[in-house]
Amino acid sequence: MNANSKDLSAGLLFIAIAALFAFQTRDLDMGTPLRLGPGAFPLLLAGVLALLGLIIVLQAFRNPVTHSMTIPWRGIVLIVLAPIVFGLTVRGLGLVASIALVVLISAYASRRMHLKLATLLTIGLTLFCVLVFSIGLGLPLRLVGSWLRGLG
Amino acid sequence: MELLLNLGLGFETALTPVNIVYCFIGVLLGTLIGVLPGIGPTATIAMLLPITLALSPVTSLIMLAGIYYGAQYGGSTTAILVNLPGESSSAVTAIDGYQMARQGQAGPALAAAALGSFFAGTVATLILAVLAPPLTGLALKFGPAEYFSLMFLGLITSVALAHGSVVKALAMVVLGLLLGLVGTDIYTGTPRFTFDFIELADGINFVAVAVGVFGIAEILRNLENEHDRDVTVKHVSNLMPTRHDLRKIAGPVMRGTVLGSLLGVLPGGGHILASFAAYTMEKRISKTPERFGKGAIEGVAAPESANNAGAQTSFIPMLTLGIPSNPVMALMIGAMIIQGITPGPNVVTDEAALFWGLIVSMWIGNLLLVVLNLPLIGLWVRLLKVPYFILFPAILAFSAIGIYSINSNAFDLFAVAVFGVLGYALVKCECEPAPLLLGFVLGPMLEEHLRRAMIISRGDPTVFFTRPLSLALLIIAAAVLILVLMPNVAKKREQVFVEED
Chain A
1 MNANSKDLSA GLLFIAIAAL FAFQTRDLDM GTPLRLGPGA FPLLLAGVLA LLGLIIVLQA
61 FRNPVTHSMT IPWRGIVLIV LAPIVFGLTV RGLGLVASIA LVVLISAYAS RRMHLKLATL
121 LTIGLTLFCV LVFSIGLGLP LRLVGSWLRG LG
Chain B
1001 MELLLNLGLG FETALTPVNI VYCFIGVLLG TLIGVLPGIG PTATIAMLLP ITLALSPVTS
1061 LIMLAGIYYG AQYGGSTTAI LVNLPGESSS AVTAIDGYQM ARQGQAGPAL AAAALGSFFA
1121 GTVATLILAV LAPPLTGLAL KFGPAEYFSL MFLGLITSVA LAHGSVVKAL AMVVLGLLLG
1181 LVGTDIYTGT PRFTFDFIEL ADGINFVAVA VGVFGIAEIL RNLENEHDRD VTVKHVSNLM
1241 PTRHDLRKIA GPVMRGTVLG SLLGVLPGGG HILASFAAYT MEKRISKTPE RFGKGAIEGV
1301 AAPESANNAG AQTSFIPMLT LGIPSNPVMA LMIGAMIIQG ITPGPNVVTD EAALFWGLIV
1361 SMWIGNLLLV VLNLPLIGLW VRLLKVPYFI LFPAILAFSA IGIYSINSNA FDLFAVAVFG
1421 VLGYALVKCE CEPAPLLLGF VLGPMLEEHL RRAMIISRGD PTVFFTRPLS LALLIIAAAV
1481 LILVLMPNVA KKREQVFVEE D
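Protein chains in written order, with our numbering: chain A, 1 to 152; chain B, 1001 to 1501.
The hints are simulated quantities; they were obtained by calculation from the structure and are not laboratory data.
Predicted, not measured: the structure shown is a model, and the values here were computed from it.
Built from N, CA and C at the ideal position, the CB exists for glycine as well.
It is possible that part of the hints are untrue.
Using C-beta positions, here's what the derived DEER-type ranges look like [to be verified]:
(1) A1472/B - F61/A: 53 to 63 Å
(2) L1471/B - L131/A: 50 to 60 Å
(3) F1197/B - M30/A: 16 to 26 Å
Not close to chain B: a few residues of chain A, all C-beta gaps over 10 Å, as computed [claimed, not checked]:
(4) L34
(5) F61
(6) R62
(7) P64
(8) G94
(9) K116
(10) T119
(11) I135
(12) L141
(13) L143
(14) L148
Just so you have them, the derived chain B footprint on chain A, three or more residues with Cβ under 8 Å [said to hold, decoys possible]:
(15) 5-16
(16) 39-52
(17) 73-85
(18) 105-115
Can you make the complete structure from the sequences, with help from the hints?
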């Protein structure tokens, strides 16, 4: 059977999320019409979302177009990795090293990046961030974190 | 008389050196991101919101507002010069603006856009000042049922104005509402959908959602095909419009302003609709409609005035009712809450200086934009050539620092990553993120008012239909929904948005 791949995946994604939320309401009190419990409104919404997802899936079969998608895998991995790495290292390494890592990792998400440019970008942006956020705006971020302190 | 007193208070607040400086920074940043590709006002404001915590509430709101309307100016500059609308509301401007630029008329086109925007901004700010206080009076008469119905209407309008399929936009709203409910239930204290993460007890961080679905997803979309933008216009001259030009744009600017001010108040993002409606109207009443699309100055002046007027009046529901009409207003509400101000009809009395200072600052900001931007056009043109691979590492670095500094919590950064992937997946499936964010902000409020209304009505759900104001709002919502689902309207709507793309 042919289907519109974008509609089909959107509809299935919505149904899956609706199911997850609905499943999570099983321990929540539904309450009475007078005093709606914590589970009532979410369950209603999950039901509506599942219904909408189903309509989108059905529509997908009415209008079968297959899309060829170019997915920038390298970009996705690196761009998503950058904030995670920052979250994991900002305390331990401190702002300077952590932000340098973010810039370096994300810079390579572009296929046109090369070493010289990446180095320049990393140094420039790290300097800029420290000057603006730490010194200029006075955000309480340690420049050098606890992991590096023992070394010096 | 009271208006003058209030505006006096506003000028007193807005004209302090600190506020002028941040208003200037705001509009400059706004223009910058309006010009730069791949980053819009929603993502920028989300990124900078945590940083403004160090400022006083008035100053931070003045700056954030400046980014918002500054981006409208910047967006029209790129629309005219390179046929790439920086913001979706300036998409219509590109049609005739770019044609004018190709004919060597870039100067008059930019001037028409700037002057039209300034005039519209001035009028709309006045409308805001005149209308907001009586509207807050009306808002005080609102009960939970009315609030519920009004938010419902806002969500439905945002669906109607979203690109693409109506059903998908509805699903995005509902998904947003559900995500908004994550966290501790306010009535019973029960944790909901927290998956045993303590970090989720206060709900998912709003800024993380905004940066994820708008910022990260947009970067990923731009990485699909990287290419340089070719800027053909090297020099812009004749920035001073001739008397002949002025006479030609006076009417369109006036009509655009009125239309934009009206549509901007609509909950759900009316200012995007405003520019399109203004363009269509000018084309229809013009004696020479065949000139449109080939470089008609009216086709630049009218939509630019309309979208700027709409951008200003979209503050009305936010300031009077505490209800956001678009994602940017949702962020402004977020900023208020973080600063310890409860948004709603009380702001005008409890925070009079903030309220009037913000309104007056918008007029000052518009003035700054005209005075500064026309001479700076050369700089903006050069900025257009900044390659994207330099931009997005900077965007990521700024947002990482911004998000971490809200709660000093690494969890929020992981949330950014999750919502970035979710947002990108949804965008790839042609689902627009704006309704999701609006739903996310309104979710808790909608539930609270629903439950409160049910308690007051003693469990009778017909309360939403028996109170006249609530019924009226629901009827409008139903009408909007039926209208966009009607086959021939649906077809027309598709065409409208295809042209906009």
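Quick rundown of the hints versus the structure:
Range check, A1472/B to F61/A: Cβ separation about 39 Å, and the 53 to 63 Å hint is violated. Distance hint check: the CB atoms of L1471/B and L131/A are about 57 Å apart, consistent with the given range 50 to 60 Å. Separated by about 24 Å at the C-beta atoms, F1197/B and M30/A satisfy the suggested range of 16 to 26 Å. Some Cβ of chain B comes within 10 Å of the Cβ of L34/A; the nearest lies about 3 Å off, and the non-interface call is violated.
At roughly 14 Å, the least C-beta separation between F61/A and chain B is larger than 10 Å, which holds for a residue marked as non-interface. R62/A, annotated as away from the interface, keeps every beta carbon of chain B farther than 10 Å; the closest lies near 12 Å. At the 10 Å boundary, the C-beta of P64/A stays outside the reach of chain B, the nearest C-beta of that chain being 15 Å off. Even its closest Cβ contact with chain B, about 12 Å, leaves G94/A beyond 10 Å, as expected for a residue assigned away from the interface.
Here K116/A stays apart from chain B, with its beta-carbon at least about 13 Å from theirs, past the 10 Å limit. Once the 10 Å rule is applied to beta carbons, T119/A is consistent with being away from chain B; the minimum gap is 12 Å. With 10 Å as the threshold on Cβ separation, the claim that I135/A sits away from chain B holds: the shortest Cβ distance comes to roughly 13 Å. At roughly 7 Å from the closest C-beta of chain B, the C-beta of L141/A falls inside 10 Å, breaking its exclusion from the interface.
The Cβ of L143/A lies farther than 10 Å from every Cβ of chain B, with a closest approach of about 12 Å, so its non-interface assignment holds. Even its closest Cβ contact with chain B, about 18 Å, leaves L148/A beyond 10 Å, as expected for a residue assigned away from the interface. With 6 residues having a beta carbon nearer than 8 Å to a beta carbon of chain B, the region 5-16 of chain A meets the requirement of three or more and the stated coverage holds. Beta-carbon proximity to chain B at under 8 Å applies to 8 residues in the region 39-52 of chain A; the threshold of 3 is reached and the given coverage holds.
Counting residues of the region 73-85 of chain A whose CB lies closer than 8 Å to any CB of chain B gives 8, which reaches the minimum of 3, so the coverage claim holds. Restraint check on the region 105-115 of chain A versus chain B: 7 residues with Cβ-Cβ distances below 8 Å, three needed, restraint holds.
The structure fails to meet hints 1, 4 and 12 from the earlier list, while all remaining hints are met.
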